[in-house]
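K.L.:
Listed here are the chains, written in short residue letters.
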Amino acid sequence: MTDMTVATATPRRPRPARRRTSAADRERRSLDHGAWFLVLPALIPILGLSVGPLLYGISLAFTDAQSGRTEPTEWIGTLNFQDLLHDTLFWESFRIGLVWAVGVTVPQFLLALGLALLLNERLRLRWLARALAIVPWAMPEVVVGVMWRLVYNPDAGILNETLRDLGLGGGRDWLSGLATALPAVIVVGVWAGMPQTTVTLLAGLQNTPRELHEAAAMDGAGAWRRFRTVTWPAIRPVAFAITALNLIWNFNSFALVYVLTSGGPGGRTRLPMLFAYEEAFRYGQFGYAAAMGCAMVALISVVLAFHLVGRLRRGGEG
Amino acid sequence: MRTGKLARAGRYTALVAYLVFLAFPFLWLVSTAFKPARELGSLHPTWIPENPTLGNFRQAFDEQPLLQAALNSLVAALGAAVVAVVIATPMAYVMARHRGTLSRLATGWVVVSQAFPFVLVIIPLFLVLKNLRLINSVPGLIMVYVVWALPFALWMLVGYVRAVPVELEEAAAVDGAGRLRTLVSVTAPLLAPGIVATALFAFITAWNEFFFALVLLKTPEKQTLPVVLTHFIGAEGVADLGPLAAAAFLATLPSLVVFALIQRRITGGMLAGAVKS
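In order, the protein sequence lines correspond to chains A and B. First residue of the first sequence: 1, per this note's numbering; consecutive thereafter. First residue of the second sequence: 1, per this note's numbering; consecutive thereafter.
Only chain A is shown next, with the shape it has when bound in the complex:
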């Protein structure tokens, strides 16, 4: 097995380079001794605790590693992946993961764009909205999950109470209903991820030249036209970046759904991360869980590749 030296993981503070560097040796392009001293304290943990473990993790996918086993683990080639191909439960979880990732990312982006456009205008209450828009971002995901459990609670929850007040029926048990569980957790996902997207888009909006906007308005362009011809081109790079990141983050998300439903009812909300977590730390199947992780990475890579190609092509046309 990969023998990792993690003993080096406790980094030392950067030491001053003994030699006095004159302006002449400060060659900007090459790394000299001084620069290495600056880089090493971060580089060692990155290699030892991130790059190393990642490679180790990928290699585990080709072994029969299990937790608490006494006999040594063995290489078993692609057996884990062959099993994975026939694991209908995993593919169901994979499908749910995709529905969740897209179902969260798209409304998240649209709602965040709307809010960012509003916050970019000179409206009263804007300060309040800006402050509130940040709140979900600052909260621990576990608390977000707990909070929405309280909202969705069939008896003491505000959602059912509001529905009853509006005469829309007696309400239901949102998180345990087979049909409602996934939509219910998706709403929470949208809520939780909106702030970061909003703030990023807002920052992008504030970089768009105001004069251009005013000139377009002067020429009689309507709101939609101004958005399409002035605003959107300016924020497009930021919008693409944050959407790609959101997709990845959402696909890999864990804590929210763990707290809300633990993957239930009947696996209807079992995201791939929940599945792999149970496989690894409840059943101790490290090798198999690592193979699941690899499958997830493969999917993400494909999505990213499409994203990049699409972006490059569009960039080429414009």
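There's no promise every hint is true.
[Stated by the list, open to error] Here chain B is said to cover these stretches of chain A; the calculated rule only asks that three of the stretch's residues, wherever they fall, bring their Cβ under 8 Å from a Cβ of chain B:
| no. | segment |
| --- | --- |
| 1 | 71-85 |
| 2 | 149-159 |
| 3 | 271-284 |
Note that these hints are calculated values from the structure, not bench results. Please read these numbers as outputs of a predicted model, since none were measured by experiment. No residue lacks a Cβ here, since even glycine has one placed at the ideal position from N, Cα and C.
Chain B: place on chain A using the hints.
P.N.:
Only chain B this time, still in chain A's reference frame:
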């Protein structure tokens, strides 16, 4: 001008709708935290508790070791934030100033590390930490948090370093200051606000983190707040709502306060990293 007025009204309606959507879950959490058990059991819950009580908070502290958990969270988050910033700042400096292979590789790592599902990282880390006897220990968790916080710490700091004009450093070099001297007395003071913002952001993310803590910490006296919070929810998903809400409310306060302090800097820093690289 009628359409102008209509559009304005529309905008305010939309803004209020957003405010309601964003605020109501949190308000409901606060409301639940202060409700006595009888009101929580009633079929017609109200927004404002009829007989507000602190009983839920007392009960929460009785049921779970919340103080110990808060202390563990504090140690883990502080440790991670300080170590991450101390090792990330020099590296970010090099990444911002030297555009060599190493900087490109490091930027690549920052991006790629976002794409890997935690499960692929945590299994090997779990095995390694087990060999080092660092499972179920807060220092072990800090090591994991540091590496996990590094990508965005580097990202933010590179942006802040780029915002410091190179000319200032060159002027110092011309005056005979060595590299370290320049770094310490010219660059570092200008970076200080950015470094503080990055550290606080790392603090919040570590304070809020759940997955690694769930896997690595086994016994209640070592666990951090988010993990302990989940103990309020029973095996069947039945929860004692009052204490749960009270504990969740308390666990959120530190992040909210810290976030309020750095809100502006974070957005600035993220964009700086995003726009310039």
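K.L.:
Now look at each hint and say whether the structure bears it out.
P.N.:
Each hint tested on the structure:
1. 71-85: Since 0 is below three, the answer is violated.
2. 149-159: holds (count 8)
3. 271-284: Check passed, 6 qualifying residues.
Hint 1 alone, counting from the list given before, is not met by this structure.
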